[in-house]
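Taking the hints into account, I'd like the entire structure generated from these sequences.
Under mature numbering (1 follows the signal peptide of the UniProt record, and there is no 0), the letters of the sequence shown match residues -26 to -1, 1 to 804, in that order.
Hints were generated in silico from the structure; no laboratory data involved.
Please note: incorrect hints may appear among the correct ones.
As the list claims (entries may be wrong) - EDC-like mimics (lysine to aspartate or glutamate), calculated; alpha carbons at most 16 Å apart, straight line:
(1) K41 to E175
(2) K476 to D503
(3) K476 to E505
(4) K519 to D624
(5) K330 to E311
(6) K330 to D624
(7) K626 to D672
(8) K330 to D412
(9) K16 to E108
(10) K519 to E431
(11) K56 to E94
(12) K753 to E78
(13) K519 to E602
(14) K534 to E360
(15) K93 to E754
(16) K746 to E765
(17) K519 to E600
(18) K784 to E94
(19) K223 to E67
(20) K499 to D412
(21) K753 to E327
(22) K534 to E640
(23) K527 to D432
(24) K668 to D624
(25) K668 to D619
(26) K519 to D430
(27) K784 to D321
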Amino acid sequence: MMAPSLGQLSTAVLAVLPLLSGTAQAQSQGAEGGDASLVFSKASNDSLLWGPYRPNLYFGVRPRIPKSIMTGLLWGQVDDYKTVPQSMRFTCEQNEGMAGYGWESYDPRSGGVQHIHDKENGLDLTTEFVKFPEHGSHGGSWGARIRGTPREDASPDMHTAILFTVGVEGLGSLNVEGAEEEDQEDKGFLGNVRISGETPELGEFAFTITEGQGVRPSHGHEPTYHAKPLDRTMVHSIQAPLEALWQAKPLVFSSMKTTIDEYIEEFTTEKMPPPFQTYTIQNKPGAGNFHMIQKVFEGAFEFDVVFSSASGLEPITSEDLTKQIESNNKAFAAQYEQAFQPSKPFDEPRYLEFSKSLFSNLIGGIGYFYGDAVVDRSYAPEYEEENEGFWQETAEARARNQQELEGPYELFSSIPSRPFFPRGFLWDEGFHLLPIIDWDVDVTLQIIKSWFNLMDEDGWIMRETILGNEARSKVPQEFQTQYPHYANPPTLFFVLRAFLDKIAEQSSPSSAHGKEPLGHPEANKVLGDKETAMSYLRDLYPLLKRHFEWFRKTQWGDLKTYDRPAFSSKEGYRWRGSTQTHLLTSGLDDYPRPQPPHPGELHTDLISWMGMMSRAMKRIATSLDETEDAATYGKMEEAIIKNIDDLHWDEKAQAYCDATIDDYEESVHVCHKGYISLFPFMTGLMDPKHPHLKAVLDLIADEEELWSPFGVRSLSKQDDYYGTAENYWRSPVWMNMNYLIVKELYTIATAPGPHKKQAKNMYDELRKNLVKTVYNSWKETGFAWEQYNPETGKGQRTQHFTGWTSLVVKIMRMPAVGDSKAKGGAHDEL
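In structure tokens, the structure reads:
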């Protein structure tokens, strides 16, 4: 082994230390909204208190409490000086040589099992997380079992450094017990490490990091008495700046750099200890707000981390973890087959494994976020977008940088992708919750309420919720600011409709099967009491109304200035936020829109979303006996459906199209066939006998337009913009849009109507194609992906995208209904 240079030892470490800079600027006001505890029991909230709610980390546990305890796990291979700094894992990243990672099973109330296949480090790591919510009066206890095994192509005696970190952000204390003992102060800990603590919300508690199992490497250096004994656990306690507590990796490297500098001074760079001894933290245990615990293993290893609330009768033990892990695994398997057992032709074990993986990673990606947000509330007149050339004016207004920090806010939310999008996205969330509500209604309702608690007094909800410095560290600065006049598709109303469906199903006489439902006892309690369910909706209803009215006030389209004959003079809509290349607020970022942007534009997708929202509001109002409101929303729904045809149907193109104003000040259609053309269908606004349904079905089924063997393309192959420029929504197959298509095909295929047979065949074939696409890519790469190539079926763009791509779980669950000879010819072997 070549002796490392000083640059190799310290420069790479120093590179990560600047991440510690930054200042905390949280403000004092809290989030607005009702109190979920009025509906959800203490037992329900206790079972959801703790979780791996830092989804940007491979494993990071925290409670749903602002400024409280946060933990993290780091590891790296320590056999080569050149690769150690780069090999250290902490935050999920796209390009770290992973052969796949994520939850194999997960329930937010009990825990789960995660496998991490770190190919580049030669290590397979397993984290088994279990919860004991009934243990004590402060939200219970939890434990994690960490196991590592060298991969087949790795050396069986490879050296791994693994660290567990724990910090407290707010009021409270943490102290390493036994730190005053002289031998531990100098050399490290033999046996378990115990950190006692106390916070106002959690009371007294203790972390125990067990000694564990595995070979601890012997001294690799002479004279040995100068170097640290590696058969012990090193603990470094510090008082870190509050704004640095989330940055465990640079804090760890800062401690390691001190060790490295001491070794260089004592041994010189030519006679350094081996890397597994050099890259160790300082052993300085005691009091502090941040504690690092490091172990070094040779080959396979295992140890436990146990958090025990002092309010419990007895501390949680490793034996308790073993029993709970086994119990959780059995319970999850039984409940999963009841909730999401794939239907034919996917009723094979491999598809069940695939389904479990996607769903577990979706629900295991739920996070708790707390902090300030960057918002521009300048209400600059340019933001009204009233003039031609408005996109240039708004760009100039944004460039004045009038944004400010406001908050702090909190959000309980699932996320699209742990490595790339570890934060809440408004329109993604509605798709995320469609599978989650089939598993745990109550956690779904808590997440919905959390989003609506973000709403301001006008009814606006930020479309991308980036709270605090940790969340902002993953977002380019130009995308951090949120604007109170920008919208996002209101997909949470899909989930509220699903909730009403479940209430109706529960109330049906046929729903009584004479046996207790599987799953956690707190998961679906709201469904068991219709009065409680209605209480939740009543609490939410004023916020829903305010949000709906905000859309109508801010995203209205101009029907009166131009000659646009339509059933209603009010129901036309335009997204604010257009540029010459993007319309980010629509969610379909670079999908072709009328160019140049014009204040007289009307957008097909937005009026369709408004129709869906009107229908949902009518149903919610009806369920709450708000008869006048229900009638009002019903009239809006009728007017919107008629105006969709009057304003957006293009007879020549036989498609729904956006509208704009031409050089002669006349309204004209701009047709880019693709997802935009399908929105009236995808949002459920076309009944089985709709006069334009045949044309929409033909467009979907046309292989020269939208149909591909891998799913429905986002843009027609015949469009001049197909596959051009960024090519984000200009050809790829997206699972959220395909889910809406396949769901509506099922509706048409199972209802009387002239197009029933065509819809049946398209439904069966599209369903098979979608599952095949996601499954094959998952088997090949170990990941679900953000989108899929329409020519090859390969997953592309964001890796580990287990957000709305996980809707394939529901697609597999849907039944086959069509004829054996399906649209599109014989499909490939699944």
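Checked hints:
no.: 1; hint: K41 to E175; in the structure: holds (10 Å)
no.: 2; hint: K476 to D503; in the structure: holds (12 Å)
no.: 3; hint: K476 to E505; in the structure: holds (14 Å)
no.: 4; hint: K519 to D624; in the structure: violated (33 Å)
no.: 5; hint: K330 to E311; in the structure: holds (9 Å)
no.: 6; hint: K330 to D624; in the structure: violated (43 Å)
no.: 7; hint: K626 to D672; in the structure: holds (15 Å)
no.: 8; hint: K330 to D412; in the structure: holds (14 Å)
no.: 9; hint: K16 to E108; in the structure: holds (10 Å)
no.: 10; hint: K519 to E431; in the structure: holds (12 Å)
no.: 11; hint: K56 to E94; in the structure: holds (14 Å)
no.: 12; hint: K753 to E78; in the structure: holds (14 Å)
no.: 13; hint: K519 to E602; in the structure: holds (13 Å)
no.: 14; hint: K534 to E360; in the structure: holds (14 Å)
no.: 15; hint: K93 to E754; in the structure: holds (14 Å)
no.: 16; hint: K746 to E765; in the structure: holds (14 Å)
no.: 17; hint: K519 to E600; in the structure: holds (12 Å)
no.: 18; hint: K784 to E94; in the structure: violated (34 Å)
no.: 19; hint: K223 to E67; in the structure: holds (14 Å)
no.: 20; hint: K499 to D412; in the structure: holds (13 Å)
no.: 21; hint: K753 to E327; in the structure: holds (11 Å)
no.: 22; hint: K534 to E640; in the structure: holds (12 Å)
no.: 23; hint: K527 to D432; in the structure: holds (10 Å)
no.: 24; hint: K668 to D624; in the structure: holds (14 Å)
no.: 25; hint: K668 to D619; in the structure: holds (14 Å)
no.: 26; hint: K519 to D430; in the structure: holds (13 Å)
no.: 27; hint: K784 to D321; in the structure: holds (13 Å)
The structure does not agree with the numbered hints 4, 6, 18 stated previously, though it agrees with the rest.
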